[in-house]
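A.B. asks: Position chain B against the provided structure of chain A, taking the given hints into account.
If you read the sequences in order, they're chains A and B.
For the first sequence, my numbering assigns the number 1 to the initial residue and increments by one for each residue that follows.
For the second sequence, my numbering assigns the number 1001 to the initial residue and increments by one for each residue that follows.
To give an idea of the chain A side of the interface with chain B (calculated C-beta under 8 Å), a few residues:
| id | residue |
| --- | --- |
| 1 | S17 |
| 2 | T47 |
| 3 | M54 |
| 4 | A63 |
| 5 | G129 |
Since the hints were made in silico from the structure, they are not lab data.
Here the structure is a predicted model, which is why all the values come from computation and not from measurement.
Beta carbons: idealized from backbone N, C-alpha and C, even for Gly.
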Amino acid sequence: MIRLTVNGTVHELEVPSYRTLLDCLRYDLGLTGSKEGCGVGVCGACTVLLDGKMISSCIALAAFADGRSVTTVEGLARDERLHPVQQAFVDAGGFQCGICTPGQVVSAKALLDANPKPTDDEIREWMLGNLCRCTGYYKIIESIRAAAGRSRA
Amino acid sequence: MNAFDYRAPRSLDEALAILGEYGEDARVVAGGTALVTMMRQRLVQPRCLVSLRDVPGLERIEANGGLRLGALVTHREAEISPLVRERLPVLAETFRRVASVRIRHMATVGGALAHGDPNQDPPVTLLALEATVEVRGPRGARGILVAEFFRDYYETALEPGELVTAVTVPSLPAATGAAFLKFLPRTADDYATVAAAAIVTLEPDGARCREARIALGSVGLTPLRATSAERLLAGEALGEGLLQAAGEAAKTAVDPLSDHRGSAAYKREMTGVMVGRALGQAWEAARRAQARP
Chain A
1 MIRLTVNGTV HELEVPSYRT LLDCLRYDLG LTGSKEGCGV GVCGACTVLL DGKMISSCIA
61 LAAFADGRSV TTVEGLARDE RLHPVQQAFV DAGGFQCGIC TPGQVVSAKA LLDANPKPTD
121 DEIREWMLGN LCRCTGYYKI IESIRAAAGR SRA
Chain B
1001 MNAFDYRAPR SLDEALAILG EYGEDARVVA GGTALVTMMR QRLVQPRCLV SLRDVPGLER
1061 IEANGGLRLG ALVTHREAEI SPLVRERLPV LAETFRRVAS VRIRHMATVG GALAHGDPNQ
1121 DPPVTLLALE ATVEVRGPRG ARGILVAEFF RDYYETALEP GELVTAVTVP SLPAATGAAF
1181 LKFLPRTADD YATVAAAAIV TLEPDGARCR EARIALGSVG LTPLRATSAE RLLAGEALGE
1241 GLLQAAGEAA KTAVDPLSDH RGSAAYKREM TGVMVGRALG QAWEAARRAQ ARP
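This is chain A alone, in the form it adopts within the complex (with noise of 0.2 Å):
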């Protein structure tokens, strides 16, 4: 049995041990935002929060989030408004396809979270591990800068 804290609401589960922390957000829990890639780390689709610190969820076991608090895209946007980094990749084109977007938008937000007004290189080095196939990575950056703009600093 593990307990965890998934965008503010506890959920206790039974799941095998083998079961991954991103595996058990999609198919458990029907939080299906998070994409499985590349499937060892390196793409970035299944960027999620624990403890407020990104991770690829698909080589954390569920069972490393027992007792711990796990934030998915779903959990950015309040009362029917997205969240001000939602908001810029909208406005700024930061997506095309949308695969890698979940990942995009949840890495971005930590980086923001950790560095409020982040240089340009700073966003380079953070979001490096977040592959996207389609914008050529400028809309994204673009949308981070916004967002950085936006949000209180």
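C.D. replies: Okay, now just chain B, sitting in the frame of chain A:
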């Protein structure tokens, strides 16, 4: 992944008891970035996973003359720790060069050692710094020099039932500079094609080298010291020719594997280049350290 028993002991003694109970069928897990990935690929199929996540006392960074990093300290914590940045900036920089911020939030100091992967960056710098791996096992605690810790490809000096608890790093002597360089022709979060750590200590005259240490990663079955290159530098004054000669000597110390990060011949060639550059940077840093009152 196969099913396995998952155990999350709350003390080191309890962890050691579980390791004793399962013997070779148990694996220790901390961040899981290496082990869970290998389990997903079915390269490893342990019957029991012993998680250290709930074992207290392994997550501290302490000053003890040098530095002591607990096994559960994450790469990111080591990278941004003011203590590590102040005392051994080369070590903070080495952790910063590993993979991505996301992976550095997960991967631990102890895991990077116990994994025994010759492509890891921290062991290279820890080897040059002459660090000691602290280990606990059924017969108590012992320390193993990093130089003796890596035995072969993915093989360490850890005995069955033992686990890494910390790494202790001595401080650097005065008038010493250090550098860590990682040659990454593909992507910034990749393993190195060649990684080089160099440490240079100057004679009081500020012109000649008293001692140099050079360690290399990704160019052999374990991290390596380039001792023949180190010997060339002792007593000599810095010059382009000397750096080149040290690079040439380092090339004879390596035995790279050909893979998608480069052929063996290319990695050997780039070893010479990276050693020359790392030494040049370490030498400059040593001069700055000597100039400081």
